[in-house]
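Enquirer: Respectively, the protein sequence lines represent chains V and F.
Sequential numbering from 1 applies to the first sequence in the numbering used here.
Sequential numbering from 342 applies to the second sequence in the numbering used here.
Think about it this way: if two alpha-carbon atoms lie no more than 27 Å apart in a straight line, the pair counts; the simulated DSSO-like pairs of lysine-lysine are: (1) V:Lys4 - V:Lys30; (2) F:Lys360 - V:Lys272; (3) V:Lys211 - F:Lys408; (4) F:Lys552 - F:Lys490; (5) V:Lys174 - V:Lys149; (6) V:Lys113 - V:Lys67; (7) F:Lys552 - V:Lys67; (8) V:Lys272 - F:Lys454; (9) F:Lys347 - F:Lys457; (10) F:Lys408 - V:Lys272; (11) V:Lys113 - F:Lys613; (12) F:Lys668 - V:Lys272; (13) F:Lys613 - V:Lys19; (14) F:Lys365 - V:Lys272; (15) F:Lys613 - V:Lys67; (16) F:Lys613 - V:Lys24; (17) V:Lys337 - V:Lys30; (18) V:Lys272 - F:Lys357; (19) F:Lys386 - F:Lys345; (20) F:Lys613 - V:Lys327; (21) F:Lys613 - V:Lys272; (22) F:Lys360 - F:Lys545; (23) F:Lys437 - F:Lys454; (24) V:Lys215 - F:Lys408; (25) V:Lys30 - V:Lys8; (26) F:Lys490 - F:Lys613; (27) F:Lys613 - V:Lys16; (28) V:Lys19 - F:Lys552; (29) F:Lys556 - V:Lys67; (30) V:Lys211 - F:Lys360.
Footprint (simulated), chain V over chain F, 3 or more residues, beta carbon under 8 Å: (31) 559-573; (32) 587-593; (33) 597-605; (34) 618-624.
What follows is a set of in silico ranges between Cβ atoms, one per label pair, in the way DEER data are often shown: (35) V:Glu186 - F:Gly601: 29 to 39 Å; (36) F:Asn579 - V:Asp287: 22 to 32 Å; (37) F:Asn579 - V:Ile173: 32 to 42 Å.
It should be emphasised that the hints constitute simulated quantities derived from the structure, not laboratory data.
From the three backbone atoms N, C-alpha and C, an ideal C-beta is built for every residue, glycine too.
There are 2 protein chains.
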Amino acid sequence: MTLKEKLKNSQILLAKRPKGLPTKENFTFKDSPVPQPEEGEVLVKTIYLSVDPYMRGRMDDAKSYVKPFELNEMICGGIIGEVVLSDSDQLSVGDKVVGTLGWQRYNVIQESKVRKIDETIAPLTAYLNVLGLTGLTAYFGLLDIGQPKEGETVVVSGAAGAVGMIVGQIAKIKGARVVGIAGSDEKTTYLKQELGFDETINYKTSPNMEKALEKACPNGIDIYFDNVGGPISDAAINLLNEFARIPLCGAISSYNRTDGDLGPRIQTKLIKSRGLIKGFIIGDYADRFSEGIRDLSSWLAEGKLKYEENIVEGFENVPEAFLGLFKGENLGKQLIKVDEE
Amino acid sequence: MTLKEKLKNSQILLAKRPKGLPTKENFTFKDSPVPQPEEGEVLVKTIYLSVDPYMRGRMDDAKSYVKPFELNEMICGGIIGEVVLSDSDQLSVGDKVVGTLGWQRYNVIQESKVRKIDETIAPLTAYLNVLGLTGLTAYFGLLDIGQPKEGETVVVSGAAGAVGMIVGQIAKIKGARVVGIAGSDEKTTYLKQELGFDETINYKTSPNMEKALEKACPNGIDIYFDNVGGPISDAAINLLNEFARIPLCGAISSYNRTDGDLGPRIQTKLIKSRGLIKGFIIGDYADRFSEGIRDLSSWLAEGKLKYEENIVEGFENVPEAFLGLFKGENLGKQLIKVDEE
Numbered sequence: 001m002t003l004k005e006k007l008k009n010s011q012i013l014l015a016k017r018p019k020g021l022p023t024k025e026n027f028t029f030k031d032s033p034v035p036q037p038e039e040g041e042v043l044v045k046t047i048y049l050s051v052d053p054y055m056r057g058r059m060d061d062a063k064s065y066v067k068p069f070e071l072n073e074m075i076c077g078g079i080i081g082e083v084v085l086s087d088s089d090q091l092s093v094g095d096k097v098v099g100t101l102g103w104q105r106y107n108v109i110q111e112s113k114v115r116k117i118d119e120t121i122a123p124l125t126a127y128l129n130v131l132g133l134t135g136l137t138a139y140f141g142l143l144d145i146g147q148p149k150e151g152e153t154v155v156v157s158g159a160a161g162a163v164g165m166i167v168g169q170i171a172k173i174k175g176a177r178v179v180g181i182a183g184s185d186e187k188t189t190y191l192k193q194e195l196g197f198d199e200t201i202n203y204k205t206s207p208n209m210e211k212a213l214e215k216a217c218p219n220g221i222d223i224y225f226d227n228v229g230g231p232i233s234d235a236a237i238n239l240l241n242e243f244a245r246i247p248l249c250g251a252i253s254s255y256n257r258t259d260g261d262l263g264p265r266i267q268t269k270l271i272k273s274r275g276l277i278k279g280f281i282i283g284d285y286a287d288r289f290s291e292g293i294r295d296l297s298s299w300l301a302e303g304k305l306k307y308e309e310n311i312v313e314g315f316e317n318v319p320e321a322f323l324g325l326f327k328g329e330n331l332g333k334q335l336i337k338v339d340e341e
Numbered sequence: 342m343t344l345k346e347k348l349k350n351s352q353i354l355l356a357k358r359p360k361g362l363p364t365k366e367n368f369t370f371k372d373s374p375v376p377q378p379e380e381g382e383v384l385v386k387t388i389y390l391s392v393d394p395y396m397r398g399r400m401d402d403a404k405s406y407v408k409p410f411e412l413n414e415m416i417c418g419g420i421i422g423e424v425v426l427s428d429s430d431q432l433s434v435g436d437k438v439v440g441t442l443g444w445q446r447y448n449v450i451q452e453s454k455v456r457k458i459d460e461t462i463a464p465l466t467a468y469l470n471v472l473g474l475t476g477l478t479a480y481f482g483l484l485d486i487g488q489p490k491e492g493e494t495v496v497v498s499g500a501a502g503a504v505g506m507i508v509g510q511i512a513k514i515k516g517a518r519v520v521g522i523a524g525s526d527e528k529t530t531y532l533k534q535e536l537g538f539d540e541t542i543n544y545k546t547s548p549n550m551e552k553a554l555e556k557a558c559p560n561g562i563d564i565y566f567d568n569v570g571g572p573i574s575d576a577a578i579n580l581l582n583e584f585a586r587i588p589l590c591g592a593i594s595s596y597n598r599t600d601g602d603l604g605p606r607i608q609t610k611l612i613k614s615r616g617l618i619k620g621f622i623i624g625d626y627a628d629r630f631s632e633g634i635r636d637l638s639s640w641l642a643e644g645k646l647k648y649e650e651n652i653v654e655g656f657e658n659v660p661e662a663f664l665g666l667f668k669g670e671n672l673g674k675q676l677i678k679v680d681e682e
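In isolation and in its complexed conformation, chain V is listed as follows (with noise of 0.2 Å):
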């Protein structure tokens, strides 16, 4: 009986689309064959599988920057997985690999799409962190469209999660006064404390944002980095300062909604204050992922950048873990532990 005879796969499908909150519905689990890796490619063991509140989109049937996920269909997304089978003259087995994968506990792909972990510079999961899309958002937002300056203020929302937590700290590398709002006492507390933003606001316990957000940037916002959309996002609006920047990274309190969304328009405000609102997705900045990853490499050896990450334990556990993204649960990054490193 060879290795790959021994192996149990198991793929997790999208069962059918959600009307507003996705549940567990939505999933299904499938027994599956083990792929035979052939010339080229690799058979990568699953070891820790990412959920991101972007994938939302992608169970609606709407146009978007990506194609929906199929029906009946594998979903996929981050994951950190080790090369357990190679027919590539690129990776070996024991190898530990980074890439945008099937959800399910073995993939066979190419050897160029993924890329090889080096452990000597950061834990693994730091690879679906800080050190892969997730700081590369953070980065490219802020600097590219953000731009910020010595002594502006920076509001971020969602400041706690595996994003908004990196726009802060590298808002403070750079200078500026970094104000986050979050939905609990102890995510504000550990970003004050453990990562030394300026001011936060726990939006749930502020029953006036506006004036919470008046209070905590006297001198305006020069740049609102927008993790939530909303009513937070309509609040910070009000506040910007001529010409104010709003790097337009996602937008969870929309996702799930089905009552068109309605908010009070911004055009006259963007026209007062000569705002800049961008949305941007990180592929668009493929080609200066170097730049990226060099900085966050630096600042993360330097000990500028801290990252946190909740690891949930269980392939079945998936559906799961995602749901509890749009409640607000995690603090950092939502990882799955499939299978031992």
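Knowing the structure of chain V, use the given hints to seat chain F on it.
Expert: This is chain F only, laid out in the frame that chain V set:
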């Protein structure tokens, strides 16, 4: 009796701040002495006076890029006039000048506050229109923020307004496909037949703006030059192509609203399209005006650029002409002829 003693001055003051749509009651006329120019100053007789939608914002007592008009104080705006008394080395009696002056028949101002007009290039009124802040607004908003490329689709709202019709023509010069939105068949016919717009939409007779835009823009929208805000902009934002740009010039549909101006939030759409929205006012480009004037003058001389004006006679009709802006009455620039050239 000196010339100055023979003249009669009258001013228009802000009598009260409007709630919603302004009315004649927001303005009052006041007789006033004709001031005497001192060293470096000139006395300018108002010939043409410009009324512009942005002035509505200054009637409110709200934080904005320009100070609000003061209650019981004179309103000011774009004026073309003739020097009738001069204590300046730079300007002589008989010179025609343009500048932002008080709404009165006679202004005394420093020579540096106005620009001398060269009537050999274009008729007087062009200097409040295509060769003035109006033309420059179209030029920098479209070219600096919009950055049209050959073959792209440019949608202009308020397309039959003074700025909008110049935007559309510059977009054509740059090789774009241009779709104009206006509020009457007379206007849309003018845009198509006289200015060469590729498609037009009369929003007043289009019950479903999004469908009308879809039909007019089979390849989606690359640039949406926004003069109006409101439901027209909601529809346009639903049809943005990847990396679309929205120069935000005006939001006339919002200026008089007192209901909170609710509309669908746009964050998710901007992330999906990676769209950019940027508010601007023409003063932001003051150090590049000569570049704009140079191009606008050549296009005008080459016959590539037409402009339109709607002239009402009589200083007493200024408030009514201003109110007409919000009824969509004007094709092109709304001017008031206050005195003979």
